[in-house]
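For chain F, the structure is supplied; the task is to place chain D on it using the hints.
Residue numbers (the UniProt record's numbering), protein chains in the order written: chain F, 1 to 267; chain D, 1 to 277.
One or more of the hints may lead you astray.
[Unchecked claim] For the chain F half of the interface with chain D, some residues (derived, Cβ under 10 Å), not all of them:
1) L59
2) Y90
3) D102
4) E113
5) E146
6) S148
7) F169
8) T175
[Unchecked claim] Distance ranges between label pairs, derived from CB positions:
9) R78(F) with W193(D): 55 to 63 Å
10) D247(F) with N30(D): 38 to 46 Å
11) A234(D) with P77(F): 37 to 45 Å
12) E146(F) with A266(D): 48 to 56 Å
13) S231(F) with L253(D): 52 to 60 Å
14) G259(F) with I14(D): 44 to 52 Å
15) D83(D) with E146(F): 57 to 65 Å
16) E105(D) with D124(F): 55 to 63 Å
17) R116(F) with N30(D): 49 to 57 Å
Hints listed in this document are in silico derivations from the structure and should not be mistaken for laboratory results. The structure presented is a predicted model; accordingly, all values stated were derived computationally and were not measured. Idealized CB from N, CA, C, for every residue including glycine.
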Amino acid sequence: MTKTTAPAVLELRRVHKTFGRQAVLRDVTFRVNAGETLVLIGESGCGKSVTTKLLAGLLTPDAGEVAWENQVVANLPRREFRRRRLQFGYLFQGAALFDSLDVYENIAFGLRENTRMREPGIRDIVHQRLREVGLTPETARKWPAELSGGMKKRVALARALAMSPAVMFYDEPTTGLDPVMSDVINELILQTRQRQPVTSVVVTHDMHTVRRVADRVIMLFPLSRLQPGESQIVFSGTAEEVFACADPRVRNFVNGDAGDRRQELAA
Amino acid sequence: MSTLMADDPPGTFIHVIGQGAIRMVRAVGNLSLFTWRMTRQMYRLPRGQVLWPVMYDVGVLSLPVIMITGLFIGMVLAVQTYDTLRVMHFESRLGSVVNVSLVKELGPVLAATMLAGRVGSAIAAEIGTMRVTEQVDALDALGADPIGYLVVPRFLACFLLIPALTLLADGVGMLGGWAVSTKMLGVSDHFYWVYSDSFVTAYDVVTGALKSLFFGAAIAVIACHRGFHCRSGAEGVGRAATEAFVYSFVAILVLDFFLGVILLKAYRLLFGGAISL
Numbered sequence: 001m002t003k004t005t006a007p008a009v010l011e012l013r014r015v016h017k018t019f020g021r022q023a024v025l026r027d028v029t030f031r032v033n034a035g036e037t038l039v040l041i042g043e044s045g046c047g048k049s050v051t052t053k054l055l056a057g058l059l060t061p062d063a064g065e066v067a068w069e070n071q072v073v074a075n076l077p078r079r080e081f082r083r084r085r086l087q088f089g090y091l092f093q094g095a096a097l098f099d100s101l102d103v104y105e106n107i108a109f110g111l112r113e114n115t116r117m118r119e120p121g122i123r124d125i126v127h128q129r130l131r132e133v134g135l136t137p138e139t140a141r142k143w144p145a146e147l148s149g150g151m152k153k154r155v156a157l158a159r160a161l162a163m164s165p166a167v168m169f170y171d172e173p174t175t176g177l178d179p180v181m182s183d184v185i186n187e188l189i190l191q192t193r194q195r196q197p198v199t200s201v202v203v204t205h206d207m208h209t210v211r212r213v214a215d216r217v218i219m220l221f222p223l224s225r226l227q228p229g230e231s232q233i234v235f236s237g238t239a240e241e242v243f244a245c246a247d248p249r250v251r252n253f254v255n256g257d258a259g260d261r262r263q264e265l266a267a
Numbered sequence: 001m002s003t004l005m006a007d008d009p010p011g012t013f014i015h016v017i018g019q020g021a022i023r024m025v026r027a028v029g030n031l032s033l034f035t036w037r038m039t040r041q042m043y044r045l046p047r048g049q050v051l052w053p054v055m056y057d058v059g060v061l062s063l064p065v066i067m068i069t070g071l072f073i074g075m076v077l078a079v080q081t082y083d084t085l086r087v088m089h090f091e092s093r094l095g096s097v098v099n100v101s102l103v104k105e106l107g108p109v110l111a112a113t114m115l116a117g118r119v120g121s122a123i124a125a126e127i128g129t130m131r132v133t134e135q136v137d138a139l140d141a142l143g144a145d146p147i148g149y150l151v152v153p154r155f156l157a158c159f160l161l162i163p164a165l166t167l168l169a170d171g172v173g174m175l176g177g178w179a180v181s182t183k184m185l186g187v188s189d190h191f192y193w194v195y196s197d198s199f200v201t202a203y204d205v206v207t208g209a210l211k212s213l214f215f216g217a218a219i220a221v222i223a224c225h226r227g228f229h230c231r232s233g234a235e236g237v238g239r240a241a242t243e244a245f246v247y248s249f250v251a252i253l254v255l256d257f258f259l260g261v262i263l264l265k266a267y268r269l270l271f272g273g274a275i276s277l
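Pulled out of the complex, with its shape left as it was, chain F reads as follows (with noise of 0.2 Å):
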């Protein structure tokens, strides 16, 4: 059932990362293993979406190291960390949808630009994506604006899946959905692990998410809550593990209970 004797995808090494004057992560270090569903959770502001971010290459840090297959990324040659940052698939919180192209376009982007295929296999990937995601060809016409949540979900969801990725992040996937389409959203994210070989780093709040995808669970703690010389990371383990905690920090958020923190409500 473990995979840490698989080789590690992707990996945190002692990473520190601050934005002005404000420290978000501090000395992380941990590892993703290859097939594996990561789920990172923790509370808003403990720099899940940093963490994700830097593991995708899409932020540097400032101390430590990011490795891919264990080659440092920041000494990866442009033309090679281009290369196996195309093989990531990044589903962003907000859709992250180009307002200015519709949903065809949209999903089409990243093949037209980093490959040379032609408009009739563009046109196959897209609708062969979109049927995936639960999604009629007519919707490829449609533009972002007149879409609902869970359709621009599934859409940037098409859009990321659309280059085959190896890996696959999810930024707080059912963050903003009913709960009806969160459950499809899973569903989508179990359903595209079956599909092909994908390594999968999950960002989320939602306990139903990490109950039905978490192959391996961690949490990450705010910075300005943690003593100095804590570590960040307060768990890492299974997700039935996680539920059977006995750390009051990780009881209190899986249970979705405000413990400590009433006090700082007003009295």
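Okay, now just chain D, sitting in the frame of chain F:
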């Protein structure tokens, strides 16, 4: 001894000056690096699908405002200059005054200002919105360099089209000036064009268009830079749009002065002449 960083609240007046100087140097450096990154991305021309819509937006959709600007500038110049010339009995030379001013200065500067207002603000707002909604990150994730995809087409559109827009503003302004001068103010048609011909040189027309190239480049780079460095939220986007226009306008004025000096010296070098600086 106290040391304040550029982002600290100001201490004494000396600190304020120092922090202001640091911020300005940082800003110039930042803009220069941005321009360098853009230049490096120009090894590959943007796809037609990306470039043509931008050129249409910058060029074709700017035509009405450019033509209206040119027309009214020409007309206003004629109206305002007529009385002064009439006192000296030089009203027949109105054509030379209107057209030289248009072609050398007002056409390029006002066409660029219109472009900064129309296109510069829109570019900054569009790129700023893309930034805060993670669309810029999405470009990166999908294998498109954001600077190559967003900045280069806009730069090429502004740079390549502004001379045409400038010449159009000049032309429409000349027509407007002619119409007011001859139909409203009674200046002789014949002398209007004879004096225009003798005072407006090819050098004036060409250098006017040449200056506009620099203006167009400045507008595009500044607007894109403001968009990329936009702060989050509606306020951030609005501020980026405003700053794009204001900084572009200041850049146009500063460039206009220095280019004017350089082009006058160049004229003297090339053709000799009475102008000395």
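The hints, checked one at a time:
At its closest, the beta carbon of L59(F) sits 9 Å from a beta carbon of chain D; the interface hint therefore holds under the 10 Å criterion. Given the 10 Å rule on beta carbons, the hint for Y90(F) holds: about 4 Å separates it from the nearest Cβ of chain D. For D102(F), the interface hint is violated, since its Cβ never comes within 10 Å of a Cβ in chain D; the closest pair sits about 12 Å apart. Because the beta carbon of E113(F) sits about 5 Å from the nearest beta carbon in chain D, less than 10 Å, this interface hint is met.
The beta carbon of E146(F) is not positioned within 10 Å of any beta carbon in chain D (closest approach about 16 Å), and the interface hint is therefore violated. Hint on S148(F) is violated. Least Cβ distance to chain D is approximately 17 Å, over the 10 Å limit. A cut of 10 Å between beta carbons decides the hint on F169(F): the least distance to chain D is about 8 Å, and the hint holds. Because the beta carbon of T175(F) sits about 13 Å from the nearest beta carbon in chain D, more than 10 Å, this interface hint is broken.
Checked against the hint of 55 to 63 Å, the pair R78(F) and W193(D) passes, with Cβ atoms roughly 58 Å apart. Hint check: D247(F) to N30(D), Cβ distance near 44 Å, so the stated range 38 to 46 Å holds. Between A234(D) and P77(F) the CB atoms are about 40 Å apart, so this pair conforms to the stated range of 37 to 45 Å. The hinted window of 48 to 56 Å between E146(F) and A266(D) holds, with their beta carbons roughly 55 Å apart.
Range check, S231(F) to L253(D): about 56 Å between beta-carbon atoms, so the 52 to 60 Å window is met. Look at G259(F) against I14(D): about 49 Å separates their beta carbons, and that is inside 44 to 52 Å. Take D83(D) and E146(F): their Cβ atoms lie about 58 Å apart, and the range 57 to 65 Å holds. The beta-carbon spacing between E105(D) and D124(F), approximately 57 Å, falls within the hinted interval of 55 to 63 Å.
In this structure, R116(F) and N30(D) break the distance hint of 49 to 57 Å, their C-beta atoms being roughly 36 Å apart.
Comparing the model with each earlier hint shows violations of hints 3, 5, 6, 8, 17; every other hint is respected.
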